[in-house]
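**Student:** Fit chain G to the given chain D structure using the hints.
Protein chains in written order, with full-length UniProt numbering: chain D, 1 to 417; chain G, 1 to 417.
Hints were generated in silico from the structure; no laboratory data involved. Mixed in with the good hints there might be a few duds.
As the list makes no split between identical chains, a pair holds if one copy fits it or if it spans any two.
[What the hints assert, rightly or not] Here are the computed lysine to aspartate or glutamate pairs in the EDC-like style, where the Cα-Cα straight-line distance is at most 20 Å:
(1) 342 / 202
(2) 116 / 100
(3) 342 / 313
(4) 165 / 256
(5) 154 / 215
(6) 73 / 112
(7) 324 / 362
(8) 141 / 230
(9) 319 / 331
(10) 58 / 140
(11) 240 / 230
(12) 50 / 140
(13) 165 / 61
There are 2 protein chains.
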Amino acid sequence: MNAEIIAVGSELLLGQIANTNAKFISNQLSELGINVFYHTVVGDNPGRLKEVIEVAEKRADLIIFSGGLGPTKDDLTKETIASHLNVPLTLDNVALSFIEEFFAKRGRGMTENNRKQALVLEGCEVLANHHGMAPGMYLEKDGRTYMLLPGPPKELEPMFQFEAKPILAKRLNLDGTIISHVLRFYGIGEAELEVQIQDILDNQSNPTVAPLASDGEVTLRITAKAATEEEAWKLIDQKKAEILAIVGEFQYGVDDDSLTSKTVEMLLHNGLTISAAESLTAGLFQSELAEISGVSGTLVGGFVTYTEQAKIDQLGIEKELLEKFGVVSSECAAAMAVNARKLMGTDIGIGLTGAAGPEPHDGQPAGTIWIGFSIGDTLVTRKLELSGMRNTNRLRAVKYTCSYLMRLLAEKGYARV
Amino acid sequence: MNAEIIAVGSELLLGQIANTNAKFISNQLSELGINVFYHTVVGDNPGRLKEVIEVAEKRADLIIFSGGLGPTKDDLTKETIASHLNVPLTLDNVALSFIEEFFAKRGRGMTENNRKQALVLEGCEVLANHHGMAPGMYLEKDGRTYMLLPGPPKELEPMFQFEAKPILAKRLNLDGTIISHVLRFYGIGEAELEVQIQDILDNQSNPTVAPLASDGEVTLRITAKAATEEEAWKLIDQKKAEILAIVGEFQYGVDDDSLTSKTVEMLLHNGLTISAAESLTAGLFQSELAEISGVSGTLVGGFVTYTEQAKIDQLGIEKELLEKFGVVSSECAAAMAVNARKLMGTDIGIGLTGAAGPEPHDGQPAGTIWIGFSIGDTLVTRKLELSGMRNTNRLRAVKYTCSYLMRLLAEKGYARV
Numbered sequence: 001m002n003a004e005i006i007a008v009g010s011e012l013l014l015g016q017i018a019n020t021n022a023k024f025i026s027n028q029l030s031e032l033g034i035n036v037f038y039h040t041v042v043g044d045n046p047g048r049l050k051e052v053i054e055v056a057e058k059r060a061d062l063i064i065f066s067g068g069l070g071p072t073k074d075d076l077t078k079e080t081i082a083s084h085l086n087v088p089l090t091l092d093n094v095a096l097s098f099i100e101e102f103f104a105k106r107g108r109g110m111t112e113n114n115r116k117q118a119l120v121l122e123g124c125e126v127l128a129n130h131h132g133m134a135p136g137m138y139l140e141k142d143g144r145t146y147m148l149l150p151g152p153p154k155e156l157e158p159m160f161q162f163e164a165k166p167i168l169a170k171r172l173n174l175d176g177t178i179i180s181h182v183l184r185f186y187g188i189g190e191a192e193l194e195v196q197i198q199d200i201l202d203n204q205s206n207p208t209v210a211p212l213a214s215d216g217e218v219t220l221r222i223t224a225k226a227a228t229e230e231e232a233w234k235l236i237d238q239k240k241a242e243i244l245a246i247v248g249e250f251q252y253g254v255d256d257d258s259l260t261s262k263t264v265e266m267l268l269h270n271g272l273t274i275s276a277a278e279s280l281t282a283g284l285f286q287s288e289l290a291e292i293s294g295v296s297g298t299l300v301g302g303f304v305t306y307t308e309q310a311k312i313d314q315l316g317i318e319k320e321l322l323e324k325f326g327v328v329s330s331e332c333a334a335a336m337a338v339n340a341r342k343l344m345g346t347d348i349g350i351g352l353t354g355a356a357g358p359e360p361h362d363g364q365p366a367g368t369i370w371i372g373f374s375i376g377d378t379l380v381t382r383k384l385e386l387s388g389m390r391n392t393n394r395l396r397a398v399k400y401t402c403s404y405l406m407r408l409l410a411e412k413g414y415a416r417v
Numbered sequence: 001m002n003a004e005i006i007a008v009g010s011e012l013l014l015g016q017i018a019n020t021n022a023k024f025i026s027n028q029l030s031e032l033g034i035n036v037f038y039h040t041v042v043g044d045n046p047g048r049l050k051e052v053i054e055v056a057e058k059r060a061d062l063i064i065f066s067g068g069l070g071p072t073k074d075d076l077t078k079e080t081i082a083s084h085l086n087v088p089l090t091l092d093n094v095a096l097s098f099i100e101e102f103f104a105k106r107g108r109g110m111t112e113n114n115r116k117q118a119l120v121l122e123g124c125e126v127l128a129n130h131h132g133m134a135p136g137m138y139l140e141k142d143g144r145t146y147m148l149l150p151g152p153p154k155e156l157e158p159m160f161q162f163e164a165k166p167i168l169a170k171r172l173n174l175d176g177t178i179i180s181h182v183l184r185f186y187g188i189g190e191a192e193l194e195v196q197i198q199d200i201l202d203n204q205s206n207p208t209v210a211p212l213a214s215d216g217e218v219t220l221r222i223t224a225k226a227a228t229e230e231e232a233w234k235l236i237d238q239k240k241a242e243i244l245a246i247v248g249e250f251q252y253g254v255d256d257d258s259l260t261s262k263t264v265e266m267l268l269h270n271g272l273t274i275s276a277a278e279s280l281t282a283g284l285f286q287s288e289l290a291e292i293s294g295v296s297g298t299l300v301g302g303f304v305t306y307t308e309q310a311k312i313d314q315l316g317i318e319k320e321l322l323e324k325f326g327v328v329s330s331e332c333a334a335a336m337a338v339n340a341r342k343l344m345g346t347d348i349g350i351g352l353t354g355a356a357g358p359e360p361h362d363g364q365p366a367g368t369i370w371i372g373f374s375i376g377d378t379l380v381t382r383k384l385e386l387s388g389m390r391n392t393n394r395l396r397a398v399k400y401t402c403s404y405l406m407r408l409l410a411e412k413g414y415a416r417v
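The following block holds chain D by itself, in its conformation from the complex:
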């Protein structure tokens, strides 16, 4: 099955937003083994949309549309498709009652143009929208499959994953299932990871194994086809065990995990509290942890000590230490970590200091970063020598801190989650 994704919306052609829907859908389709050969973007113009559909029908058998299902007069995707396919639009009562409920809940009257959103292509399978008003549609006609999805990513993404994808999976393989599982790694480059598991990558068939790198992380997506979910998971678990036997030390999580979410989970699970003293990151480490709901069970607080004087005044670091070793030093990172831990009365203290760039700092080249980890009686410092831009360096320092903290805790016998 070959697919084309058609995004409808003048805001894309004006360069106001990027076509992230096509990226999302393509990624999802690749998990199903469906080839995407084209993306097209066209404005809110029925004539040009119709021509684009005609081009797509010549080269794809699955055509997925995003956008143009809303209540305004600019929204004309389904009207254009209805006219092109000669399929009438009919009112879907489930969608209508959902829209009416939406307005009732907010105590607002429903205007007539909102009723338009409940019109669907006759004979289609309606895809429920749990995050907005406009329903999606799935229609097979003349050997081709048409799928209509709403434009806002927060509506499109769950609708595709939970409504549309199961229909496509069923269609592709009536007696089977396809399951994907992502392994997440940190502290190893994509090239090195590929070399280490070269045999697995070279000899893959089912499951397939696909590497991808971004933002200093590397992921491996394992995708298995089987008759049942249980069998698919069995295939995935076998392959996962093979991979982790080789590069397991670098794995930190799976699927939607992030380094910060895993760090917070591990801290909470082990009943550990944490504090930090941050110089170059200036609060970024603590702020990233605080993105995770529930973090107040582990993050007590800490210090931003941007200047040398702040390190002395807030943390009680000795002036002599800073004079002797400088602020970008193992000794300074260690003192920051220990003093933050003691002042805040936490189990763990983190110290982050360095030269973010673009200029050298305290005689150290841009990208030199020292991180201190104070865990009970254990004190460890690590040096990073990064070559990125100022803010990439700051973010990498935070990611590395999470990754290395989890490894240190595991070495001390704390359970990974």
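**Tutor:** Quick look at chain G alone, frame taken from chain D:
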């Protein structure tokens, strides 16, 4: 002139990256008044690329390609176009010496496949690549214009802006120039801003005025065409004055300014130092300021006081105050701001507290945020009631803090920059 943008690259069709190049180019073309009617994405496949070019030639007179100019055998954009247009490829000596220099600088030998990057379409105008090896190309043939750009955004963006755009501008208006200037607003919604300057929006011709909203900010892009740069700027300055006479109180910057960069600039310009005590934002305010190089001249440091106990221990806030008013209160935000300022010995102290969400906090609904501003003897608190997700709320709180701080400082007579 009507344009189509064709991105070449299988990584786009696999959903590994979004087509941000099309967004960037579209935005740039809209400044020139060039309509973009289609974006197309196609893989690294010469047959399908050729078909896509044939479709584009029927509907566009400017066709811009991105990607596929590199040294590997997958890179075949220019080879396919050369064959399709029946134009030979010739070696560009300037590009070749640039590539040789690139390798010499790094002390590495140049492999033969890198030579391929110096081949260009015969008769084209070569677009220099100052951030990579593959040059771009501009070619007019049979009444159509073809532009080839490299895929990596850090190469494509400067090449488009500084090499390609001037050629297009010249082509559109031989004796004139087009200049764009962006005004940035915060604290006013897009709809309200449009209502306030409705007359200006309704009666625009030259300069044009285009509003755009994103991430809680609103921008107005003023674009003027004139015979000389001087005249274009005169037109822009007149229109800018008209707009700012109505909504000037909400404007914080222009062009590439951000709320944080303007805040740091204003603090540095006025010789003011700042500190903060952060609860729900947990360091995000200080970390965002620290994104700006040179911030150490104003940001001394501060506190992350995530728990109630941390507010008491680190900041010396009285337990009675927290018991009486709660941690999500004007009183708490005020005490955090004042105590941070005094403890850090700075001119300004900021206090941030609230319920980020998704759960209520201390009896206050998610999205309730209090910000304290302590500036010398002045103490002001402001309440926000936001309805976003947890991390949107945290980021909005930081943006609002910057915006409101600049207004408070201006009211006290400090110079805006």
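**Student:** Indicate, hint by hint, whether the structure satisfies it.
**Tutor:** Here is what the structure says about each hint:
1. Neither within a single protomer nor between protomers do residue 342 and residue 202 lie at most 20 Å apart by alpha-carbon distance, with minima of 51 Å and 63 Å respectively.
2. For the identical chains of this complex, residue 116 and residue 100 are intra-copy neighbours only, at 12 Å inside a copy versus 62 Å across copies, given an alpha-carbon limit of 20 Å.
3. In this assembly of identical chains, residue 342 and residue 313 lie within 20 Å of each other by CA distance both inside one copy and across copies; the values are 15 Å within and 12 Å between.
4. Taking CA atoms no more than 20 Å apart as the test, residue 165 paired with residue 256 passes inside one copy only; the shortest distance there is 18 Å, against 41 Å between copies.
5. For the identical chains of this complex, residue 154 and residue 215 are inter-copy neighbours only, at 15 Å across copies versus 23 Å inside a copy, given an alpha-carbon limit of 20 Å.
6. With identical chains, the CA atoms of residue 73 and residue 112 are at most 20 Å apart within one copy only, with a shortest distance of 12 Å there and 56 Å across copies.
7. With identical chains, the CA atoms of residue 324 and residue 362 are at most 20 Å apart within one copy only, with a shortest distance of 12 Å there and 46 Å across copies.
8. For the homomeric pair residue 141 and residue 230, neither the shortest alpha-carbon distance inside one copy (33 Å) nor that between copies (59 Å) is at most 20 Å.
9. Taking the closest pair of Cα atoms, residue 319 and residue 331 come within 20 Å of each other only inside a single copy of the chain (12 Å); across copies the shortest separation is 36 Å, beyond that limit.
10. In this assembly of identical chains, the alpha carbons of residue 58 and residue 140 lie at most 20 Å apart only when taken from the same copy (16 Å versus 29 Å across copies).
11. For the homomeric pair residue 240 and residue 230, the shortest alpha-carbon distance inside one copy (15 Å) is at most 20 Å, but the shortest distance between copies (65 Å) is not.
12. In this assembly of identical chains, residue 50 and residue 140 lie within 20 Å of each other by CA distance solely inside one copy; the values are 18 Å within and 29 Å between copies.
13. Proximity of residue 165 to residue 61 under the C-alpha cut-off of 20 Å is restricted to the intra-copy arrangement: shortest distance 16 Å within a copy versus 38 Å between copies.
Against the hints set out earlier in the document, violations occur for numbers 1, 8.
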